[in-house]
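Participant: Heads up: the protein sequence lines correspond to chains A and B, in order.
Residue numbering for the first sequence follows this note's numbering, starting at 4 and increasing by one per position.
Residue numbering for the second sequence follows this note's numbering, starting at 363 and increasing by one per position.
Just so you know, these hints were derived from the structure itself, not from any lab.
In this text the structure is predicted, and so the values were computed from the model without any measurement.
Treat the hints with care, as some may be off.
[As the list claims (entries may be wrong)] Some, not all, of what chain A presents toward chain B, calculated at C-beta under 7 Å:
#1 Ser97
#2 Glu103
#3 Gly107
Backbone N, C-alpha and C fix where the C-beta goes; we use that ideal spot for every residue, glycine too.
The primary structure of each chain is shown beneath.
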Amino acid sequence: DSGVTQTPKHLITATGQRVTLRCSPRSGDLSVYWYQQSLDQGLQFLIQYYNGEERAKGNILERFSAQQFPDLHSELNLSSLELGDSALYFCASSVDDRGEQYFGPGTRLTVT
Amino acid sequence: DAKTTQPNSMESNEEEPVHLPCNHSTISGTDYIHWYRQLPSQGPEYVIHGLTSNVNNRMASLAIAEDRKSSTLILHRATLRDAAVYYCILSPAGGTSYGKLTFGQGTILTVHP
Numbered sequence: 004d005s006g007v008t009q010t011p012k013h014l015i016t017a018t019g020q021r022v023t024l025r026c027s028p029r030s031g032d033l034s035v036y037w038y039q040q041s042l043d044q045g046l047q048f049l050i051q052y053y054n055g056e057e058r059a060k061g062n063i064l065e066r067f068s069a070q071q072f073p074d075l076h077s078e079l080n081l082s083s084l085e086l087g088d089s090a091l092y093f094c095a096s097s098v099d100d101r102g103e104q105y106f107g108p109g110t111r112l113t114v115t
Numbered sequence: 363d364a365k366t367t368q369p370n371s372m373e374s375n376e377e378e379p380v381h382l383p384c385n386h387s388t389i390s391g392t393d394y395i396h397w398y399r400q401l402p403s404q405g406p407e408y409v410i411h412g413l414t415s416n417v418n419n420r421m422a423s424l425a426i427a428e429d430r431k432s433s434t435l436i437l438h439r440a441t442l443r444d445a446a447v448y449y450c451i452l453s454p455a456g457g458t459s460y461g462k463l464t465f466g467q468g469t470i471l472t473v474h475p
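Sequences and hints are given; from them, build the entire structure.
Facilitator: Structure below.
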């Protein structure tokens, strides 16, 4: 158990819908990262927040957005969902803005 | 981002040492070398990282070549639980990439009983 929690574990929704994935970092960690893992693209970095502020951005689609709240939990919002958004979404956390990352168990999103 | 090259797959027997290689010929002077692994149906797990010197921790050892163009992750006694995909990742110490990890295809390690 890494200490990072993600909810929900599974999510099934239809194309065009919007979903929110939630992540609670390990106690004391200030950075949260979001990654997407699909069969064809592998594990891809989406975005990083550090102490509430966006710190680094990867290949995150404009339909996706994220934020980190004052209590340091983070949410990833995915809108206008497409079939290709079906993937595992992982959240990770680290103590500072570049330390070793601890990954949560992931949220499996299925878009039908 | 500097690239890494790893074998697609490797096999080992239980209780034997495993040496997982990684080539990173375009590594820059400030790039850290990280290793993560992903067990089946789980999120990636941090294994070890280093800059220039060899590193040891309770999970593994990291041997870094003198020219830093390659490194080897060493599992001293493989167990069935070590069967996973192992990723070798370069991460710059500075700049705006911060903690971004760029995962490649990794090496699928199979451990035989």
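Participant: Hint by hint, say whether it matches the structure.
Facilitator: Here is how each hint holds up against the structure:
Because the closest C-beta pair between A/Ser97 and chain B is about 6 Å apart, less than 7 Å, the hint holds. Look at A/Glu103: its Cβ gets to within about 4 Å of chain B, closer than 7 Å, so that hint holds up. Interface restraint check: A/Gly107 against chain B, minimum CB-CB distance 6 Å, threshold 7 Å, status holds.
Of the hints listed earlier, there is not a single one the structure fails to meet.
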